[in-house]
Amino acid sequence: MATKGRLVPFLIPSLLLLLLLLPFLAFPAGAWGPGGSLPHAWLEPEMRGGGEVPLYPVYPVDPVDPLGPTPDESPCAPLLVEFARRSAELALCSLRHARPLRLCGSCVIQQWSANRTYGMILTTVQVNNETCERTLLRSDRLQLVYQQHSFSQGLWDAASCEACLVNGTNGTREVASWMISFMQQLNKTRTCFHENSLVPRYDLEGNVKHSAVCNNCRTAYNTLGKMYAELQKNGSLCIDLEDAMNTTRQLWSVQFNCVEYCSDTPSVLAVSIFMCMLPIFFYMSSVIHSRQRKRRLVTSKRMKSTNSSASLHRAQAQ
Amino acid sequence: MANILKKVSWSSKDDDGGGEVNEATSLVGSRRGSGASVAGKRNSRSRFLSSSGFRTVDLTDGDGISEEILESQEVFTSPRPKEIPHSENLLSQKYESLDYDNCENQLFLEEEHNLGVKRVKFMEAGRWTVCMAIGILTALVACVIDIVIEQLAGLKYKILKQYIDTFTADGGLSVSMVIWAAMNAGIVMVGSILVAFGEPVAAGSGIPQIKCYLNGVKIPHVVRLKTLVVKVLGVICSVAGGLAVGKEGPMIHSGAVIAAGVSQGRSTTLKKDFKVLEYFRRDTEKRDFVSAGAAAGVSAAFGAPVGGVLFSLEEGASFWNQYLTWRIFFASVISTFTLNFVLSWYHNHLGELSYPGLINFGAFESTGIAYYIYEIPLFLIMGVFGGLLGALFNFLNYWLTVLRIRYIHRPAQQVLEAMLVATVTAVVSFTMIYFSNDCQPLGEDKSADYTLQLFCNDGEYNSMATTFFNTPEKSVRSLFHDPPGTYNPVTLGLFCLSYFLVACWTYGLAVSSGVFIPSLLLGAAWGRLFGIFLSYMSKGAWADPGKYALMGAAAQLGGIVRMTLSLTVILVEATGNVSYGLPIMLVLMMAKWVGDFCFEGLYDIHIKLQSVPFMGWEPPATSHSLTASEVMSHPVVCFKRFEQVGRIVDILSDNTANHNGFPVVEEGENVVNVNEQGDADDFGKLRGLMLRSQLIVLLKHKAFMERSDVGEPRHRLTLKDFRDAYPRFPPIQSIHVSEEERECTVDLSSYMNPTPYTVPQEASLHRIFKLFRALGLRHLVVCNGDNRVIGLVTRKDLARYRYHKGGLEEVPLTQT
Chain S
547 MATKGRLVPF LIPSLLLLLL LLPFLAFPAG AWGPGGSLPH AWLEPEMRGG GEVPLYPVYP
607 VDPVDPLGPT PDESPCAPLL VEFARRSAEL ALCSLRHARP LRLCGSCVIQ QWSANRTYGM
667 ILTTVQVNNE TCERTLLRSD RLQLVYQQHS FSQGLWDAAS CEACLVNGTN GTREVASWMI
727 SFMQQLNKTR TCFHENSLVP RYDLEGNVKH SAVCNNCRTA YNTLGKMYAE LQKNGSLCID
787 LEDAMNTTRQ LWSVQFNCVE YCSDTPSVLA VSIFMCMLPI FFYMSSVIHS RQRKRRLVTS
847 KRMKSTNSSA SLHRAQAQ
Chain B
7 MANILKKVSW SSKDDDGGGE VNEATSLVGS RRGSGASVAG KRNSRSRFLS SSGFRTVDLT
67 DGDGISEEIL ESQEVFTSPR PKEIPHSENL LSQKYESLDY DNCENQLFLE EEHNLGVKRV
127 KFMEAGRWTV CMAIGILTAL VACVIDIVIE QLAGLKYKIL KQYIDTFTAD GGLSVSMVIW
187 AAMNAGIVMV GSILVAFGEP VAAGSGIPQI KCYLNGVKIP HVVRLKTLVV KVLGVICSVA
247 GGLAVGKEGP MIHSGAVIAA GVSQGRSTTL KKDFKVLEYF RRDTEKRDFV SAGAAAGVSA
307 AFGAPVGGVL FSLEEGASFW NQYLTWRIFF ASVISTFTLN FVLSWYHNHL GELSYPGLIN
367 FGAFESTGIA YYIYEIPLFL IMGVFGGLLG ALFNFLNYWL TVLRIRYIHR PAQQVLEAML
427 VATVTAVVSF TMIYFSNDCQ PLGEDKSADY TLQLFCNDGE YNSMATTFFN TPEKSVRSLF
487 HDPPGTYNPV TLGLFCLSYF LVACWTYGLA VSSGVFIPSL LLGAAWGRLF GIFLSYMSKG
547 AWADPGKYAL MGAAAQLGGI VRMTLSLTVI LVEATGNVSY GLPIMLVLMM AKWVGDFCFE
607 GLYDIHIKLQ SVPFMGWEPP ATSHSLTASE VMSHPVVCFK RFEQVGRIVD ILSDNTANHN
667 GFPVVEEGEN VVNVNEQGDA DDFGKLRGLM LRSQLIVLLK HKAFMERSDV GEPRHRLTLK
727 DFRDAYPRFP PIQSIHVSEE ERECTVDLSS YMNPTPYTVP QEASLHRIFK LFRALGLRHL
787 VVCNGDNRVI GLVTRKDLAR YRYHKGGLEE VPLTQT
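For the record, the sequence lines run as chains S and B. One point on numbering: in the working numbering, the residue at position 233 of the first sequence is 779, and numbering is uninterrupted. One point on numbering: in the working numbering, the residue at position 114 of the second sequence is 120, and numbering is uninterrupted.
Everything labelled a hint here was simulated from the structure, so no lab data went into it. All clues given are correct.
Have a look at the derived ranges for each label pair, beta carbon to beta carbon: (1) B/Cys604 <-> S/Gly700: 50 to 58 Å; (2) B/Ala547 <-> S/Leu824: 45 to 53 Å; (3) S/Ile834 <-> B/Asn354: 53 to 61 Å; (4) S/Thr669 <-> B/Ala547: 51 to 59 Å; (5) B/Thr275 <-> S/Glu806: 56 to 64 Å.
Stretch by stretch, here's where chain S covers chain B in the computed footprint (C-beta under 8 Å, at least three residues): (6) 177–187; (7) 419–431; (8) 812–820.
The structure presented is a predicted model; accordingly, all values stated were derived computationally and were not measured. Note that the Cβ used here is the ideal one computed from N, Cα and C, for glycine as well.
Chain S with its partners taken away, still in its complex shape (with noise of 0.2 Å):
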């Protein structure tokens, strides 16, 4: 609810506008004008603290609303407020940890609890009998309320987070201790990097060279590697852990440029160019020593008078 310090001039009316608004946040857009704009005051991003929304009641609220005109009648109202106020959370959350990419580690209490107040819109009964699922959720046909959970849960799933996360006390979600190790080998590797790329070598052109980094830190990394190819193997990889990886990876590969291969080009090519040159010798050898096979020819046998034979061309056997 509004703090009391800011609104004090505005009391009286605007405790009365609440409680005539409060329908209205249920059934939104019939009373509106189209392309009606919300007052500036609303679109405040006053976020403070615990990210608190502040509310400006300052629409006409429509008498014949169902919801009725005391908040204490449906207990559809407050729900919305707190689903509202969850789903900032959860909005905050995830952007402020967007890169580096840790939604699913940093966000869990926000996404539990911002499904639990949806939950409780799902299951909850007014007194007319009618849901809270109904009134909230299906009255119009835009359906904000529906379209933010899908679009945060749909987020979380394509994230996987679920897949790093396990239930933990009082039926929330937490982190699972995979995720943790795993997370704990990546502060030692990048620790790693960090210190033995201070102090740069320069090598015989003057090009920095970070053999340090690459002598130094090569199994803590192999280690990362191992751990993370067994979490793929088992399926229990979410969004954080491949964004880290993938970091991860881009510096070894080419801030660092450790990746050490062989390559062994004269053999490889000495190795084709001879076996490309034995079907060579054998279709000549077999065009040389094979006997050709021949078709032995066999006289049809036809009536004498051929008088229309001259007409006829005679194949040209090759």
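On the provided structure of chain S, position chain B as indicated by the hints.
What follows is chain B alone, placed relative to chain S:
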């Protein structure tokens, strides 16, 4: 009088046939005793019109014939049989026609009378049941092939990936190349040994053989159980062995074999007779079921039931028969349904028959990729290019096949050649992967299961390796559907070039291989290249190369195999989008026209190179000028209605003239009218036609007239006796006829075909051809105005006329 039977040397230095002559091919069926054909050293004076194949033989004895000529009853000299190197302008004598035309002899009419209408309906239901069984079994075989190939190829790539990864880190990559080549060669060796030593007719894709079979030519061993086994195992080995082949052609052949086997209700190889479906033991029914089997094979291979029906009808049927078409369609749909069901279970989507993973080339959604009318000229250009490239492919493959037939004809050589091709394919793939710098991060869809990092950064994979390490179908799919920017143009270009050469080299080896998928892959690659080029030129306006990949694939396939109607429908069904029907059809038509202008289609070339007497849809041009008397074989060996067993045995045992159809003439005096030169002018009044197979059954069961005189009941054969001996009739040598039995007589009137088709001697070649082809005949009797037999027309007499460069020409006949 030398009776020398000398083997002709196969030496290539002997080019004008100057070697000693052995078997004299006498012009008239010798009336001698069985066995010893008259041979001798001769200094014949046959004149040759040209040094090449065809010549008219001077039938009169010229002067200078030495006294070495034997018995004076020999009227004609025998020319020296000319030997020529193998070419495409030859017809082989060993191919016979199928007996598609029904023999309505007395036995048949009695059977029909006894069975009645109810039995006919029962038979019809039986045909439908057999078609359903054909569909199900074909689909199961296709599933087995699919699944085993996937597992085997997956295993091979897993092992290779391990080796390459270790060698990349530690050095010695050339060893991994050798390992790859060795694995390829080993797997292909197994497949090739099966084909070359086991069943040579299972080599290649099988579509030319099935085309010939549906045309009416009896290719030996083409629909046997052994062929099926060799084909299935062979194709598994070829594809898993990394050759540039596909598995679709062999599936069509397998479908045909299954159809031929199931419809007979017994297996001669396994010596089991299920005693059902005896009514279908005829060439007519068998050929119809083989059409259904081929269609079921196509629909199992591509998931295209309507395409399968059209394939079968385009290649096979002489005429559109509504019931047959309906049954073929039923078999195709059942085949697709069964395949979908089994594969959905394999992919863990049991029962979800519309699972998109079952569509072979991935579904092109209508909303996703649109095409506009201004792109049609571009598609046509692609069609032209596909036609030209296809003609080039066929041309190179033609020369390679001629080389193979002439010089590489021992099985051991063929196996060695196949192993070498597998080795070189591995080497080429490896070097391309090795020298490619194209690194891509792995996409989300994970369509490629086996990826190689090689020299790329961690987290990136060599995209050339992705193309080579997948089965060709998956690569085609990726080329159609991957987002723009996935492929590097240089990579694609190099891939196209090397794959073209390797695929051209591979087709025609002694392995089971198909050519559909390699051509689709090749076309998809250069089509995508074209699309990338377009989007580069238009600065991103034409941004979707996947659609051009599809058109390129259609153009290339059309340019190589030159199928029109069935291919359009197959591609439309395999991509799940009818909107592309118009451009695909235009592209295919263009490719066919341009390709036909340059060179022939691949299957037609191979049919010609096998010297099969294939009859086209239409008679050759300007064939109205030839009449039946020039086309027919003359003289003709005829039997009388009451014929002596001894004469029958002698004629059937004659090695020099391998006749299969004998007109039955009326007895009486003046049977044979002789003209002034001493030749028989006609051979008697026509009464019917007897086949060699029928005569053999009669001799085997000793259905002689004399036996009934002694009080034994008249041993009358039934149709069942003929059907039991079908299809592998015993050779005449295995029938033992004692001396006294030779004096008996046989009554042919109830067994002969009393109403054979005849033509008057003035009938044109055009007319005879159409009659022969439309009715699926084997023998056509030529009669004069009094219904007296003058000659006999067979398939070889008709197929030897080809229209070539301004005139009708005759193709010579060879012995083997």
